[in-house]
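Participant: Sequence:
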Amino acid sequence: MDSTSRAYSNETERRSNLRRLDDLLEALERLNLADAHELPQPVRERLVQEGIEIEPGVSFSRLIELVWAQQEKYLI
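Position one of the sequence shown corresponds to residue 5 (the numbering used here), numbered consecutively onward.
Be aware that a few hints might be false.
[Claimed, not checked] Derived lysine to any residue pairs resembling SDA-like cross-links, with alpha carbons at most 20 Å apart: (1) Lys77 to Leu29; (2) Lys77 to Glu17; (3) Lys77 to Asn36; (4) Lys77 to Pro60; (5) Lys77 to Val52; (6) Lys77 to Asp39.
Keep in mind the hints are simulated off the structure, nothing from the lab.
My request is simple: use the sequences and hints to build the entire structure.
Facilitator: Structure (structure tokens):
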């Protein structure tokens, strides 16, 4: 694989990771706006897959901040 192919692959992966985290942010923002009281299992599983630790009683606002922190490593 030449450097151009590698760069394209890395850019594709970076964008994919950002998109996945954006989708997770959107889900958390919707829950926050809806004043939800519980984190749905599918969202919880996605957070865990991203390596985000979910402490008991954590707020949606805090989870949003943690996802933003994960996104930083993919921003240029």
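Participant: With reference to the structure, classify each hint as holding or not holding.
Facilitator: Status of the hints after comparison with the structure:
1. For the hint pairing Lys77 with Leu29, the CA-to-CA distance comes to about 15 Å; that is within 20 Å, so the pair holds.
2. Under the criterion of a C-alpha separation no larger than 20 Å, the hint pairing Lys77 with Glu17 is consistent with the structure, at around 12 Å.
3. Between Lys77 and Asn36 the CA atoms are separated by roughly 24 Å; this puts the pair beyond 20 Å, and the hint is violated.
4. Our distance criterion of 20 Å between C-alpha atoms is broken by Lys77 and Pro60, whose separation comes to about 26 Å.
5. The straight-line distance between the Cα atoms of Lys77 and Val52 is roughly 17 Å, inside the 20 Å bound, and the hint therefore holds.
6. The suggested pairing of Lys77 with Asp39 is violated, with an alpha-carbon distance near 29 Å, which exceeds 20 Å.
The structure fails to meet hints 3, 4 and 6 from the earlier list, while all remaining hints are met.
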